[in-house]
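Protein sequence lines, in the order shown, are assigned to chains A and B. Positions 1 to 292 (my numbering) are the ones given, in order, by the first sequence. Positions 1001 to 1280 (my numbering) are the ones given, in order, by the second sequence.
These are computed hints drawn from the structure, not numbers from a lab. Note that CB positions come from ideal geometry on N, CA and C, so glycine has one too. Among the hints, a few may not be true.
[Said to hold, decoys possible] Listed below are the simulated DSS-like cross-link pairs for lysine-lysine, each with C-alpha atoms no more than 30 Å apart in a straight line:
1. K212(A) / K1170(B)
2. K1007(B) / K183(A)
3. K202(A) / K1107(B)
4. K202(A) / K1196(B)
5. K1196(B) / K1267(B)
6. K1010(B) / K95(A)
7. K1067(B) / K183(A)
8. K202(A) / K212(A)
9. K1131(B) / K55(A)
10. K56(A) / K68(A)
11. K1271(B) / K183(A)
12. K1055(B) / K1067(B)
13. K285(A) / K1224(B)
14. K1224(B) / K1067(B)
15. K56(A) / K1131(B)
16. K1055(B) / K1170(B)
17. K68(A) / K99(A)
18. K1010(B) / K285(A)
19. K1014(B) / K95(A)
20. K140(A) / K1196(B)
21. K1224(B) / K1131(B)
22. K202(A) / K285(A)
23. K1267(B) / K183(A)
24. K183(A) / K1196(B)
25. K205(A) / K1271(B)
26. K202(A) / K1010(B)
27. K95(A) / K1196(B)
28. K202(A) / K1007(B)
29. K1010(B) / K212(A)
30. K99(A) / K1107(B)
[As the list claims (entries may be wrong)] Facing chain B, from chain A, some residues (calculated, C-beta under 8 Å):
31. N8
32. V113
33. I181
34. Q182
35. I184
36. T231
37. S238
38. G249
39. N254
40. A265
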Amino acid sequence: MKRLKQKNYLIYMLPAIILISVFVYIPIIQNFYYSLFRMNSYTDEMVFVGLSNYKKIFADEIFYISLKNNIYYAVISIVCQVGFGTVLAILLESKLAGKLRVFFRNIYFLPSVISVTAVGLLWYFIYNPNMGMLNSLLIKMGLENFTHAWLGEPNIAIFAIIAMSQWQYVGYIMILIIVAIQKIPIELYESAQIDGANGLQKALKITIPNIKETLLVTSVITVIGSFKLFTEVYVMTSGGPYNSTQVLGTYLYNTAFMYDEMGYAAAIAVIIFVITFSVSILQIKISNSGKE
Amino acid sequence: MIVMNNKTTKTLLKTLLYLFFIVLATMVIYPLIWIIINSLKTNSELFTNSLALPKNPVWSNYIKAWKLGLSTYFLNSLLVGAVSVTATVFLGAACAYGVVRSQSKFKDIVFYMILGGLLLSPQVALISLYKIIDKIGLYNTYWAMIIPYIAFKLPFAVFLMRSYFLGFPKELEESAYIDGCSSIQTFFRIVLPISKPILASTAIMTAIFVWNEFLFALVFIEDKMKMTIPVGLSNFRDALVTDWTVMLAGIVIGSLPMIIFYLLMQKNFIKGLTAGGIKG
């Protein structure tokens, strides 16, 4: 009787296990294998090339541009989303903010609810050199000199994309931090109040130390997100002009599905795996150490 | 004296704070207002002055965008979303329940598999998945999106629900067994109904993911009639090179469902997001 029940539980787990194995684990393992071959999508022919795809990557100029852009994206996102998001969360949760805090919180959060594709297309028009919102506003303010073809100039296009993402995600990280702040026991603030601490002192001495773990986790999420970056760039520039906005995700996509170099693309995917996986491991270590 | 000073500095600080909040809110909201304004213009109005209000709102832009394909993308997104969300929640709940209640050693392997699955990014599987999907004849079908969506969201769903089931009293299930319920009956009649809050969070997170997913939909679908909103919208832009205000109307239509969804269920939405802690 008992044995039967035990067998039953395996049946509960089985469908999920099969799906995850076949469509998550096997493809990823296969990807490692593919990275050792030269292959394309229209024939089944595969030529073993050993590690030469990897050698090629580390001599590939576009790979370094991509990596650099991912790093720019990560660093700027940490400063703006986690840094500024924390400031914003603390201000919104301060007594001074009053009842309107919910209203502002909702407004700041709103962009992260819209899909990345829609936001990308929206900003594609905002950055349009002829009729876009940004240039129109600059001209109206008498700042013609500052107008640009934002997505058309190789040295600024990636920053235009990064700026858009800050607009979209500051509110998201802010919400995660607000939730953490709301979990801090009120007594801590009350006793600080009795000791005569002002708002800034409370923020630095009570709020920040008590949300340390959330800050680390949000930083890690932001970094992982930066290396998974694809849709924003694909929608706005597809990696151009002159590959200046290429990131690992778009370079992988272009290599696989535009140039049809599947083996080389698989090797790029391995690099993405190594980066995101090691940062994820870091995240798990951090959240475990926080619980102890 | 000190009290007086405190009060004046407080009002001053409050004014400054609100000024800051308002400026920031304007920066967030203005692009959204800009696109709504321009989605109601004619093309020439857009190009003359994109900051001005439309003379006569051109509501037909919305009708045109809807008829030119958005209605199809919309239905596709709903269909793919409904199947993926239902399957992810249901299979996820079953697996999580199994992991919590099973006493065999196998459950540890399953749990580590789930944990590992959380760390894997879809891009890494893209090329092999493309080949697999092509080989088993799913390329350019709804299943080419649905199955990978379920597979990639399941680890998260199981992880989330497992922690919920861990705090679940066994007594309830045992009394159901005594009443003669089978294991499956107990799962459906006792476990699932009590787990509604966590099922809702999982469903919301999965729905957001599916509604926004772009990469798989881009690579695995070729037929315009099967595209979901994200890829459909980006396809729209290439098709509507001259009719930009219609495109803008399309962006507004494509964004609205999630905004409404959020406004309707803010609390659950935020709960789901914080439980997820995963971006993109």
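### Task
Would you pick out the hints that fail for this structure and give their numbers low to high?
1, 3, 4, 7, 13, 16, 17, 18, 20, 27, 30, 33, 34, 35, 37, 39
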